[in-house]
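2 protein chains.
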Amino acid sequence: MANDRFLKACRRETSDRTPVWLMRQAGRYMKEYMAIREKHSFLEMCRNPELAAEVTLQPIKAFDLDAAIIFADILLPLPGMGIELEFAKNEGPVIRNPVRTRKDIDAVRMIDPEVHVPYLMQAIKMVKAELAGKVPLIGFSGAPFTLASYIIEGEGSRNYVNTKKLMYGDPEGWKALMDKISDVVVAYLKAQIAAGAEVVQLFDSWVGCLGPDDFREFALPYTKKVIERLKGTVPVINFGTNTGTFLNLVAEGGGDVIGVDWRVRLDEAWKTIGYDHAIQGNLDPVVLFGPVKEIRRRVKEIVDMAGGRAGHIFNLGHGIVLGTPVDSVRAVVDAVHEFSGK
Amino acid sequence: MANDRFLKACRRETSDRTPVWLMRQAGRYMKEYMAIREKHSFLEMCRNPELAAEVTLQPIKAFDLDAAIIFADILLPLPGMGIELEFAKNEGPVIRNPVRTRKDIDAVRMIDPEVHVPYLMQAIKMVKAELAGKVPLIGFSGAPFTLASYIIEGEGSRNYVNTKKLMYGDPEGWKALMDKISDVVVAYLKAQIAAGAEVVQLFDSWVGCLGPDDFREFALPYTKKVIERLKGTVPVINFGTNTGTFLNLVAEGGGDVIGVDWRVRLDEAWKTIGYDHAIQGNLDPVVLFGPVKEIRRRVKEIVDMAGGRAGHIFNLGHGIVLGTPVDSVRAVVDAVHEFSGK
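Read top to bottom, the protein sequences are chains A and B.
Start counting the first sequence at 51; every next residue gets the next number (the numbering used here).
Start counting the second sequence at 51; every next residue gets the next number (the numbering used here).
By construction, these hints were calculated from the structure, which means they are not laboratory data.
Just so you know, not all the hints are guaranteed correct.
The list cannot tell twin chains apart, which means a pair is met if one copy fits it or any two copies do.
To be verified - Pairs of lysine to any residue, SDA-like flavour, derived with a Cα cap of 25 Å:
hint, residue 1, residue 2
1, Lys-139, Ser-207
2, Lys-111, Ile-86
3, Lys-275, Leu-299
4, Lys-81, Val-158
5, Lys-139, Glu-205
6, Lys-321, Glu-302
Isolated chain A, as found in the complex (with noise of 0.2 Å):
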């Protein structure tokens, strides 16, 4: 690997510099992504590898990333599990069957990668024989409970109530859906991990709708047999969003890094979840939208914060906004090799 900092920082290994990659990297602020994504919907781009693996490079050459990660949506196991998946026009993703009941939920099937997201894991190999080595690639899955929500709501959601509804009255039917979704998730990321992903992220991107003790009970079991069911393989991220109340049990699921929003300040995040996991994050993405001078300033700041410790991944607390300038993300990356060469 010519460039290994962001797997020495994964393993919490000092380097020459802070690694830095940025959530959705690959991305329609990108007049290059614009140019494919008007010929093709957002799922042809997926499902077809060539495209897939062309966008998932862009953003390695336009800019001095440490990491790709494969083009994907935490979405395509879906179709795999019996689960009828739109990307509505203009809209997010809409699910034309959602599970409610105990039926749907005995309804729901494991996957085979291999059968259901080939696509998948031809991109990622083709990815990795055009990088030949320079950066690492990054495979990544939804986490438990962001799967289940959607599963269960069927679009985006404001306050997840058919989603609760199931975890309040329904205990038994939440884990043995949960369970199944474990096993997917599992069988997903294997799959990703053996056709040459250095690195999975696990993205948990609606659990900030649980308080603690709910997280602890309902999110947390199956993150965490998920993550150690992957114990020897590659270092995991365990990404969530809105988890800044409860860190202490998002470490407790595992993984090699924890990532963190920008909700909190990355030191006292880092504290919290303890020194013996590496921690990525945390600009807020929306600073991005801000004059340069005060996005240096900033990334300067949480560089700071990281204090030279070994184990710091930057990157975006979320990712990158749609009509953010191709520039402040240059700006970022620039400056945080700037901010943290020795």
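Given chain A, put chain B in place with the hints provided.
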């Protein structure tokens, strides 16, 4: 006052039972409310003192609540400030001329509550006459940050890009806008107090999009000033959503009572804000979609976390969600009194 549990709790004095009221207790989950709403738009209801008074009293008649809250909306002062507000059909409120530039900020006007929102004070007086001292009446306002972000975004927002653009790009402009809004909030609340509100609550519903350092710089000083200027009037409840990672700073803003959402444990939250504040909260509103047995178990858990300490006001962690069963609301109110009875 026949029932002074709520006022006593605001002052951290003991009483026979923990007082309870519920944010958005007058609302679409009640058939009595819907009977009126079918004939009038939301804004019509707010602007008609008879209707606003009637709707305010509906939950007081239906449940054993310890406080009433005037039926109103945090955006009612906007037209008086020169901001054109519309409630689009089936959508949320929309602002036709959102504030984005220095010129826009300069154009924001101070309100005269008796001229711009006279109906609100009339409604308060009518409710007070009807209540005849049965339970206290709460007045309220949006907190400066939440009002600013609505005025800037012009509608509900996912990422608050325009708000943060102004904050990061023109901190002086931000300060000018927040100073104006703070003046409005003080005048608006003082008028409600003069009309008879016995307690006032600040709703900082959107401030949870900020990290702790941004909260300290861009929101806290203004909330603090507002609360300082209300000293010597009535008790103030300082409530924010998604502020669990910086409750220490929220408490710095002041307020006799700090309101907390469900993402924190009540016992830990109280410890963080300090026992020199009363605390309000914090049942997850979506628990009300679960079985009554589970609702009661969770109410008891929160009552137990308060540990019999004087100064706990039971509430949800956020407003009642559309579709909440009326029987669940009754179950919460009754369980609070049952489990906290001496």
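Verification of the hints:
{"no.": "1", "hint": "Lys-139 <-> Ser-207", "in the structure": "both (18 Å within a copy, 20 Å between copies)"}
{"no.": "2", "hint": "Lys-111 <-> Ile-86", "in the structure": "within (16 Å within a copy, 60 Å between copies)"}
{"no.": "3", "hint": "Lys-275 <-> Leu-299", "in the structure": "within (14 Å within a copy, 36 Å between copies)"}
{"no.": "4", "hint": "Lys-81 <-> Val-158", "in the structure": "neither (39 Å within a copy, 38 Å between copies)"}
{"no.": "5", "hint": "Lys-139 <-> Glu-205", "in the structure": "both (14 Å within a copy, 22 Å between copies)"}
{"no.": "6", "hint": "Lys-321 <-> Glu-302", "in the structure": "both (14 Å within a copy, 23 Å between copies)"}
The earlier numbered hint that this structure contradicts is number 4, and it is the only one.
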